[in-house]
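Trainee: Work the whole structure out from these sequences, hints included.
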Amino acid sequence: MSMLTDSNQIIISTHNLNKKFGGIVVAKNVNFSVNKGEFRCLIGPNGAGKSTLFSLLCGIEKADSGQITILNKNVTELKAFQRIKLGLGLKFQTNKAFQSLSIKDNLSISNNKIQVMDNEIAEERYQLALTEFGLKSEENKQAGELPHNMLQWLEITMILASFP
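Residue numbers are given in the working numbering: position 88 of the sequence shown equals residue 88, and the series is strictly consecutive.
Take these hints with a grain of salt, some might be off.
Said to hold, decoys possible - Listed next, the in silico SDA-like pairs over lysine to any residue satisfying Cα-Cα at most 20 Å (straight line):
no., residue 1, residue 2
1, 141, 127
2, 50, 67
3, 104, 133
4, 85, 119
5, 136, 151
6, 91, 153
7, 62, 85
8, 79, 11
9, 91, 149
10, 73, 60
11, 91, 70
12, 20, 58
13, 73, 89
14, 96, 160
15, 85, 11
16, 104, 138
17, 104, 141
18, 73, 61
19, 141, 151
20, 28, 66
21, 96, 147
22, 79, 60
23, 50, 38
24, 28, 61
25, 91, 130
26, 28, 44
27, 50, 95
28, 62, 26
29, 50, 18
30, 28, 49
31, 96, 61
32, 91, 108
33, 91, 160
34, 96, 52
35, 50, 25
36, 20, 61
37, 73, 85
38, 96, 84
39, 104, 66
40, 62, 23
No wet-lab data here; the hints were simulated from the structure.
Mentor: Structure follows, in structure tokens:
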């Protein structure tokens with residue numbers, strides 16, 4: 001099977017990932033992988049290191065040691081923007097949508113983050129995202145007018161629309 005159709009393909013993995021803030025260990029020898037098509041849930045109490053792990057995966061924080069791979073490529077030393085180009089996105093707890101802009105404008109900004117995408121592909125992704133996440137009828141509404149749950153979907157849509 002090719003890498004694109006193999007459901008056993010490892011999309012993202014860590015090997016002995018470690019991170020300390022001062023003397024506090026926030027990630028110790030973290031090993032995990034996610035295969036294509038898998039969904040994983042990371043749960044734990046406040047302060048358990050969930051957000052830190054995602055910050056490490058996305059390159060927002062730098063690991064003290066260990067390795068992170070995306071699509072079998074070692075990305076441990078790559079910056080966040082370089083990991084985004086590999087298709088990695090992060091949805092923060094607090095909403096990062098531009099409240100005074102329309103849904104359409106928020107998605108346009110997301111599409112423009114990756115400049116290698118041509119206009120036709122960007123428009124296709126935009127329309128698909130609006131339809132899939134139930135935002136089509138609201139596309140001209142300002143993000144700040146949306147209820148909290150729709151704001152969350154908007155931000156997820158923005159991340160998905162910006163994939164290269």
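Trainee: Could you run down the list of hints and mark each one as holding or not?
Mentor: Right, here's what the structure says about each hint:
Distance hint between residue 141 and residue 127 is fulfilled; the C-alpha atoms sit about 16 Å from each other, no more than 20 Å. A hinted pair counts as satisfied when its Cα atoms are at most 20 Å apart, and residue 50 with residue 67 qualifies at roughly 17 Å. Distance restraint check for residue 104 and residue 133: the Cα-Cα separation of roughly 13 Å lies within the 20 Å cut-off, and the hinted pair is therefore satisfied. Distance hint between residue 85 and residue 119 is fulfilled; the C-alpha atoms sit about 17 Å from each other, no more than 20 Å.
At roughly 14 Å between alpha-carbon atoms, residue 136 and residue 151 fall within 20 Å of each other, so this suggested pair holds. As the CA atoms of residue 91 and residue 153 are separated by approximately 10 Å, the hinted pair is consistent with the 20 Å bound. Restraint check for residue 62 and residue 85: satisfied, since their Cα atoms lie roughly 18 Å apart, inside the 20 Å limit. For the hint pairing residue 79 with residue 11, the CA-to-CA distance comes to about 18 Å; that is within 20 Å, so the pair holds.
Between residue 91 and residue 149 the alpha-carbon distance is near 13 Å, which keeps this suggested pair within the 20 Å criterion. For the given pair, residue 73 sits about 18 Å from residue 60 by alpha-carbon distance, which is consistent with the 20 Å threshold. A hinted pair counts as satisfied when its Cα atoms are at most 20 Å apart, and residue 91 with residue 70 qualifies at roughly 18 Å. A C-alpha spacing of about 17 Å is found between residue 20 and residue 58, which places the hinted pair at or below 20 Å, so the restraint holds.
Of the supplied pair hints, the one linking residue 73 and residue 89 holds, its CA atoms being roughly 16 Å apart against a limit of 20 Å. Restraint check for residue 96 and residue 160: the C-alpha separation of about 14 Å stays at or below 20 Å, so the hint holds. Of the pairs offered as hints, the one joining residue 85 and residue 11 holds, with about 14 Å between alpha carbons and a cut-off of 20 Å not exceeded. With a CA separation close to 9 Å, the supplied pair residue 104 and residue 138 stays within the 20 Å bound.
Between residue 104 and residue 141, the direct Cα distance comes to roughly 8 Å. Compliance with the 20 Å bound is thereby established for this hinted pair. Under the criterion of a C-alpha separation no larger than 20 Å, the hint pairing residue 73 with residue 61 is consistent with the structure, at around 18 Å. For the suggested pair residue 141 and residue 151, the alpha carbons sit about 11 Å apart, so the restraint of at most 20 Å is met. Note on residue 28 and residue 66: the hinted pairing holds, with a Cα-Cα distance of about 10 Å set against a maximum of 20 Å.
The straight-line distance between the Cα atoms of residue 96 and residue 147 is roughly 14 Å, inside the 20 Å bound, and the hint therefore holds. Taking the CA atoms of residue 79 and residue 60, the gap is about 8 Å. The hint holds against a cut of 20 Å. Taking the CA atoms of residue 50 and residue 38, the gap is about 19 Å. The hint holds against a cut of 20 Å. Restraint check for residue 28 and residue 61: satisfied, since their Cα atoms lie roughly 15 Å apart, inside the 20 Å limit.
With a C-alpha separation of about 17 Å, the suggested pairing of residue 91 with residue 130 holds against the 20 Å cut-off. Between the alpha carbons of residue 28 and residue 44 the distance comes to roughly 15 Å, so the proposed pair stays at or under 20 Å and holds. Between the alpha carbons of residue 50 and residue 95 the distance comes to roughly 18 Å, so the proposed pair stays at or under 20 Å and holds. For a cut-off of 20 Å, the pair hint linking residue 62 to residue 26 stands: about 12 Å separates their Cα positions.
Restraint check for residue 50 and residue 18: the C-alpha separation of about 13 Å stays at or below 20 Å, so the hint holds. Using a Cα cut-off of 20 Å, the hinted pair residue 28 and residue 49 holds, with the two alpha carbons roughly 10 Å apart. Taking the CA atoms of residue 96 and residue 61, the gap is near 19 Å; set against the 20 Å cutoff, the hint holds. A hinted pair counts as satisfied when its Cα atoms are at most 20 Å apart, and residue 91 with residue 108 qualifies at roughly 17 Å.
Annotation: proposed proximity of residue 91 to residue 160 holds, straight-line Cα distance about 10 Å (limit 20 Å). Under the criterion of a C-alpha separation no larger than 20 Å, the hint pairing residue 96 with residue 52 is consistent with the structure, at around 18 Å. Note on residue 50 and residue 25: the hinted pairing holds, with a Cα-Cα distance of about 13 Å set against a maximum of 20 Å. For the suggested pair residue 20 and residue 61, the alpha carbons sit about 11 Å apart, so the restraint of at most 20 Å is met.
For the hint linking residue 73 to residue 85, the alpha-carbon distance of about 12 Å falls within 20 Å, and the restraint holds. Pair hint residue 96 plus residue 84 holds up; C-alpha atoms about 16 Å apart against a cutoff of 20 Å. For the given pair, residue 104 sits about 40 Å from residue 66 by alpha-carbon distance, which is inconsistent with the 20 Å threshold. For the suggested pair residue 62 and residue 23, the alpha carbons sit about 16 Å apart, so the restraint of at most 20 Å is met.
In summary, the structure is inconsistent with hint 39 from the numbered list given earlier, while agreeing with all the others.
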